[in-house]
Amino acid sequence: DVKVTQSSRYLVKRTGEKVFLECVQDMDHENMFWYRQDPGLGLRLIYFSYDVKMKEKGDIPEGYSVSREKKERFSLILESASTNQTSMYLCASSSPHGDRLYNEQFFGPGTRLTVL
Amino acid sequence: AQSVTQLGSHVSVSEGALVLLRCNYSSSVPPYLFWYVQYPNQGLQLLLKYTSAATLVKGINGFEAEFKKSETSFHLTKPSAHMSDAAEYFCAVSGRTNAGKSTFGDGTTLTVKP
Chain A
122 DVKVTQSSRY LVKRTGEKVF LECVQDMDHE NMFWYRQDPG LGLRLIYFSY DVKMKEKGDI
182 PEGYSVSREK KERFSLILES ASTNQTSMYL CASSSPHGDR LYNEQFFGPG TRLTVL
Chain B
351 AQSVTQLGSH VSVSEGALVL LRCNYSSSVP PYLFWYVQYP NQGLQLLLKY TSAATLVKGI
411 NGFEAEFKKS ETSFHLTKPS AHMSDAAEYF CAVSGRTNAG KSTFGDGTTL TVKP
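Read top to bottom, the protein sequences are chains A and B. First residue of the first sequence? That's 122 in our numbering, and the numbers climb one at a time after it. First residue of the second sequence? That's 351 in our numbering, and the numbers climb one at a time after it.
There are no misleading hints in this set.
No farther apart than 16 Å at their CA atoms in a straight line, the calculated lysine to aspartate or glutamate pairs in the EDC-like style are these:
#1 B:K451 / A:E151
#2 B:K463 / B:D435
#3 B:K451 / A:E177
#4 B:K451 / A:D172
#5 B:K451 / A:D180
With the C-beta cut set under 8 Å, the calculated list includes, among others, these residues of chain A facing chain B:
#6 G161
#7 L164
#8 L166
#9 Y171
It should be emphasised that the hints constitute simulated quantities derived from the structure, not laboratory data. We put the CB at the ideal spot given by N, CA and C, even for glycine.
With the hints as constraints, model all of the structure from the sequences given.
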């Protein structure tokens, strides 16, 4: 089974701190994604990566950056956390090959971030 | 361009009743369509997917969905609700040419009453 893990389930940070959210997948997937989930707004794509060192902005990239130095790891960085970044953050991965070429995504358990 | 509209942010049914969660999509290319389920404090997991092989798709936990191109719909159904079905459900659409990105609906929270 594909496993996507996220470094923390719950995180509390202060305004202005630099925050790192880590995501690791173990199935050699090319594509990785970061979403934030807020009540009534569904999932909004922050950034995605389709290969090592490759990244593209999603719908709401402002205030975030990402890093993908290794295929299995995709990091989301909040350069200076603000209270409006309090949210649930979900990482996902997918592969455009084989029986998963239909782009189904596999999700981690999420990180609930609170910025005070 | 693609989009998904889920009709009804909250649906409540009695245990044993039919579950119907509605999803309409828009896509400029032939779509792949998905339903995901999210239980409290967990990530999303795939319920079922439409990949053009068959218009009626069966998934896990007794759920199924029917792709209707003329209505641009992909509604999720289950004949008899169980208490364990209480969760949030997301419909998603993916084109076949956009490097794996999916567009998700806003979600529908299903409540099952005893």
